[in-house]
Structures are given as C-alpha cells and as structure tokens.
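*Asks:* Following the hints, complete the assembly by docking chain B onto the known chain A.
Protein chains in written order, with our numbering: chain A, 93 to 502; chain B, 93 to 502.
Pairs of lysine-lysine residues, derived as DSBU-like cross-links and limited to a Cα-Cα distance of at most 35 Å, are as follows:
id, chain 1, residue 1, chain 2, residue 2
1, A, K290, B, K184
2, B, K196, A, K288
3, B, K317, B, K94
4, A, K204, B, K333
5, B, K185, A, K288
Calculated directly from the structure, the hints in this document are not laboratory data.
In case you want the letters, here they are:
Number of protein chains: 2
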Amino acid sequence: MKAEIIGIGTEILLGQIVNTNSAYLSGKLAEIGIDCYNHATVGDNHLRLYSAITQALNRSDIVITTGGLGPTLDDITLEVISKVAQKPLILKKEIIRLISGHFKERRMQMAKNNLRQGYIPKGAAWLKNDIGTAPGIVIKIGKKLLIALPGPPREMQPMVEKDLLPYLKKSTVKKSVILSRTLKTTGLAESQLHEKIKQILNLSGNTTVGIYAHPSQVDLKITAKAKDIKKAKRRICYIEKKIRKDLGKLIFAVDTETLEGKVADLLGKKTIAIAESCTGGLVSDRLTDIAGISRNLLLAVIAYSNKAKIEMLGIPEKKLKTHGAVSMQVAKAMAKNIRVLAGSDIGVAITGIAGPTGATKKKPVGLVYIALSTSTQIISKKRYFTGNRKAIKFCSSQAVLDMLRYHLIK
Amino acid sequence: MKAEIIGIGTEILLGQIVNTNSAYLSGKLAEIGIDCYNHATVGDNHLRLYSAITQALNRSDIVITTGGLGPTLDDITLEVISKVAQKPLILKKEIIRLISGHFKERRMQMAKNNLRQGYIPKGAAWLKNDIGTAPGIVIKIGKKLLIALPGPPREMQPMVEKDLLPYLKKSTVKKSVILSRTLKTTGLAESQLHEKIKQILNLSGNTTVGIYAHPSQVDLKITAKAKDIKKAKRRICYIEKKIRKDLGKLIFAVDTETLEGKVADLLGKKTIAIAESCTGGLVSDRLTDIAGISRNLLLAVIAYSNKAKIEMLGIPEKKLKTHGAVSMQVAKAMAKNIRVLAGSDIGVAITGIAGPTGATKKKPVGLVYIALSTSTQIISKKRYFTGNRKAIKFCSSQAVLDMLRYHLIK
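Next up, chain A with everything else stripped away, as it sits in the complex (with noise of 0.2 Å):
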C-alpha cells in the first residue's frame, strides 16, 4: 500500500509558509503501515493540480491533497478533483448545515462564499471539519482512493486523528507496520561515529539504521518495518543492543529525550552552580528547561567581564593576567569557587571565545574550557569548536552538559 501527499498552495511555492503537513501525514501513514515514497508541493492552478493528481493517482494506491478547501475563488481543489473523478460537484445541505451552525455559534455572519464549500463530487464521502467549515472529502477513483484535507494544521490534524486514520486502518490491507527509535550521541564526528559502526549501517531489508549529524550531536536512527508492532519492536532492540555494545555511554538519550533532561535525571538529590562565561547563560538556560531543576541548581553565575570574574567568583587577578581568562587555569578556578559560594555538591564552569573577536594567535575563536569541581576532584577539558558565534555556544554547552552526564554515571 503506497501513498503519495501534495501540498496545495501558491504561498508555500513563495516561501511565505513552510509545508508542516506533508510531514505530519507521512508520520501518521507510517505508523499504521502505509508507506509514502513522494511529497509534491503546486500551487493555486488548475492545470498543474490536475497533473500532480493525476500523476500521483498513476503511481499510488492512495493520494492526499491539503489545502485549496477555502472559501475563495483561489481555492480549487474540489473542482479539479471533480474533473480528475470525471464526478460534478454537488450541493450537501448538511455540510451548509454544519457551515452556518459554525458561524452562528462564533455570532458571526456567514459569508456568502462559505456556500462554495457545500459542494462535493458527487459520490464523495466526506469528513467533519471541527474546528473550521472545510470539509475533508474521500473519493474512490477506479481502486485508487483521492483524499483532500484542508491546509491548516490545526483543522487537518483532527480531522485526521479522529476520522480519516481510523478509515484508513478498517478499509486498507497493510503487510506491516514500521517503527523507529532514535538513538542520540554526542562527542564523535558523523564520520568517526560512522567508522565505528559500518557493519550496522550497512544493513538492509526491513530493519535500518541512518545516521543523523545535527550540531555536536549526532543520532542514530534504527527503522524496523514489520508483521506487527511486537515484531518491530523486537527487530529494533536486537539491533539497539548490538549499537550500545559498540557505542556505550557515547549514546546520552532516546527519541525525545534530550540531554538536559538526562542529567537532571541524574543529579538525582545532588545540587549543582555553574560559572558561564562564554555561554552567556546558555547552560543554565538548558538544564532550567527541565520542570523541578529548581531542587538541584542553587546558582548560576555569567560572569563575562574580568571584573565580574574577579569580584562574584573570587578568581585571582594574578591568575587572569597570566593565563588569561580562557585557560585552563581559570575554568578550573570558576568550577571550584562557584561550588564553594553555592555550596553545592558540583560546580562546573566553561570559559572560550565565542567570536567572532576576540581571537589571538595562540587562542582562536572556537577554543574553549570546561571544567566540572567536586569535594575530592577536579576534571578539565580543552575543545576546539567551529561554526558561528551561536554555534560555538551550542556545542559548548553540549560539552559541558555531557561532562556533567559522563561524572554522573561513573
């Protein structure tokens, strides 16, 4: 069972409107076993609707348009598929019906226009619009089945959720499912994690692993595509396993976890300060993410100037004048003494230069410190990062955070 989605509409094809649905449908057919091997996107035109349905009805067993529903003249899905069904539009009194009941609940004056979304191709069926006056409308088209949803996000994903999936799923025979887990890592290059894993990501068939590189993290997605949910499942542990054996502790989270979240699962009771200089407050921004941090962070310190160094976090002028104040030396010296003026049971404290000045010859624009402090040690780290200013933070705190991660799993 093959499915195939096109967006509908002139604003996407600018620009204006980033498509969001057809990723949402591919998701939700995925789930329920139906496979989508192409998106299209056209605009408000006749000719070119007519031949991406008609192109997408020769390769596909099921087609879903969104968009063009609407009340206006520009809005012509339903009469280029009455022409591809070779079906005439007709009057449902009921969907005017439901349309006038919308607008008196909301003591609103239907507009005259409103009245174009009764019609239907006849034969059609259609599907209940709860949060706007389009309908969804589903026509059999020799075996094939043409599916038109409106655009907007919050009108189309109800109407998904409740009516079309539960159709889909009664009325299609589907062989499989496929089931995805994510596997999320941080430290390694996409390249070098690569390298690790060949033999893994070589596979085929219905159970693969893709490697994701985003900014200083890089996931691992393993897809199972099977019988059932059971076996899916069952296929994706046996590979997760075989990945966690080669990887280890380099895979810091699942699926939706992130890696904020992780460590404050870890701190478990333990209370943290963090000193930030060139995150700008970025790290203690992330870990705040996480609802009941409050329990753990007692303190977090930006302290961007020499002065505010000196003065808030104790660090010896001395020693800012003759490492400079992204060293070694001082990371260390801002990880201690903010745990000593938080009284917390870990300090951790990054000091770099983020760009795009700043830089020396002997310290580019990347290079940064991080060191994390507790009662009995002192671990410290040197990075080289790239990319922009907001970059270099990102992968800073990315650091720090599994500096963090890593000491609490030991």
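*Replies:* Relative to chain A, chain B alone:
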C-alpha cells in the same frame, strides 16, 4: 525563468523531519524574480530520484536538489545526477584538500568515506561549503541548470547566500521581482493587532500584507511584486509608512533583526546586569548571542533558590517571607541590587512561576514580575503568560527585553 526544488531524504518521507529547505529556497528565488511552480520530495532511492530530476528538468529551467550529498552510501544524489547528465564522476583534488583541511581545523581525523565527497560529475562547477564537508554542485544539462545543495540548512543557506544567488542573479533573465519586508511586533495579540490595521490587511493585487503569529510576537509581512527591485521597494516603503503610523513603537525590528539585537544596538555604551529567576539564564543567553555585547553585559546572576537570592543578590529574608519570591517587591529589589552589585547603568530582573508546579491559589503558573532599575528610577510590571514551561520562559524573556527597549528609546 521557472525553478523547481527537489528535497531528497527518506527521513522526510517518514515524517521524521520537516522539509524547510524548499520554503527557504523558494523565498530566496522569489526575491530575485525566479518563479517556483513545483516542489517534490523523494527518498534515497535511485529510480525515484532519477525520475523526479528528469521530470523537473522537462518542465523547469532551473532544478535545485537538497540533500543526499553526505559521505555515506545512502547519499546518492551525485551518482544519480551523473546518470541524468551522462557525465562520469571524477575526483577533484581541490575538494579533498578542503575536506581534509576541515578536519584538521577541528583536530579530527578525516574518515575514509569522506573521500566520496571529492567526486563530482565531469564538467560541473562546485560551491564551497564553509560549514560542513559536502560541496554544492552546478551543472548545465542542455539549456537547463541543475544544482545540488547539501541538506543541512546551516550548510546550505550560507552557500546559497554567498555564491548561488549572486550567480543566478547574473546568469538569468527575469520579468518581475517579488520583495517582502517583515515588521515584527510584541506586546499585542494577533487579533488586537488585526483590529488596529484592518484596512491595510485587506489590500489585494500586487502589494499585500500578511499577519503571522508566533509566541509573544506577531509579524506583519508586506509583499510587493513589481517590474524591478526599485519599484517593489517603493511600494513596500509606502505601505510600511502607513503601518508605522498606526503601530509606532510596537514594531521592534525588521526582517532578520531580533529583539536582542535591537536592545544591544540601543544600549550603545550603557552597561547592564541581569538577575534572573524563572527565565533561568534565557535573557542573558539571548543577549549574548549578539557579538560585542561583552562591552555592555557586566554580570548576570541566576538566583534560582531563595538562598541565592539572599546571599548573592542581598534580598532581605523578611521581604521574601512577607511578599514571596514571586512578587513586585522582590523583582524591584533584584533589579536594584544586581545593578549596584555589578556597578552597571541598568539592572533588570525577572521572577515568576514557569510551572508546571510551584503555583498557589493567588499565584498561578505563568505569573511573572519584571523590573528595571537605573540610578534615578525603578519600573516594574506584572504579566500573565500561558503555555508550557519553555513558552513561559520565552514570553518572560521577550517581555523583559521589550521593557529594556522601551526604556532605551525614550
């Protein structure tokens, strides 16, 4: 001159990532007068990619693909283009030199599979990738132009802006241009803003105004189509003046400008210190995204706990007990004390309940107090925000930055 954009990647068809590249490219092409009538997306599959590219070349003058240029075996774009163009893939030593330089800069070992990225179709030109390793490719096929760009937006976008757009501007003939300008506002809801400029939103024809709501921000986008850039600019300027007459200082920035960038500009030589509680470092993080802010930002303290509020910011324990940490009185004291502590011209403070826990009967989740202190005045505001923890943090940061902006433009 017609263009078409093809997104490549099975993860898009599985709904695992949203394809934002097509919208970005369409917008950029529209700005230089190149129309885009079709978008397509296909997976990492030889046959379907071949067919998508040949179809696109048949109906459009310029075809741009994004994705599938990585170092791994599932990256097949150049192999397919080599078949479409009937040109063999040949090794470019200069590309390999750049890639190995990329790894050297990062003190990393180049993986063997990165060598694949040095092979491009014979006769093709290539675009340097300043961020990653995959170069972009430009190849002429008959009278048509086929362009392959990397998939990650952070690699693709600089390539487009630095090299591709200037090249296309020079080498193509255009009949009209489409130009847009976005005016950004904060502080009013979409419907309130709508009421204020109803007349202008009803424009139709060659110049239109769209309204786009984001969290704590509503944008107005003026779009003009004209024979040349000069005429389009004149039309936009005329409408912008009308809107500015109605909205005045509500407009905080234009196009790619940000609120934090605007505040940094307005600060000039003034110094600032920040005391954050519920925003957890986000205000400081946003401000430090702006290069050169080290001149202004002396210190930020994230005093998440009462202990930190007392010890670091010198808030009297009695005040915390009488009014609670989330109160106008504490916000004002935080703003004043951080200013004095840092010796800065301005002090700002935020205290509130980001949720999901921490609410009381009188103080719901989303209640936030912000304050601003100088040597001669102190101002404060009470605000209610809705949404999840992250949304409340963001809206709070937006409110305090906008308070700062209003103070600085006075």
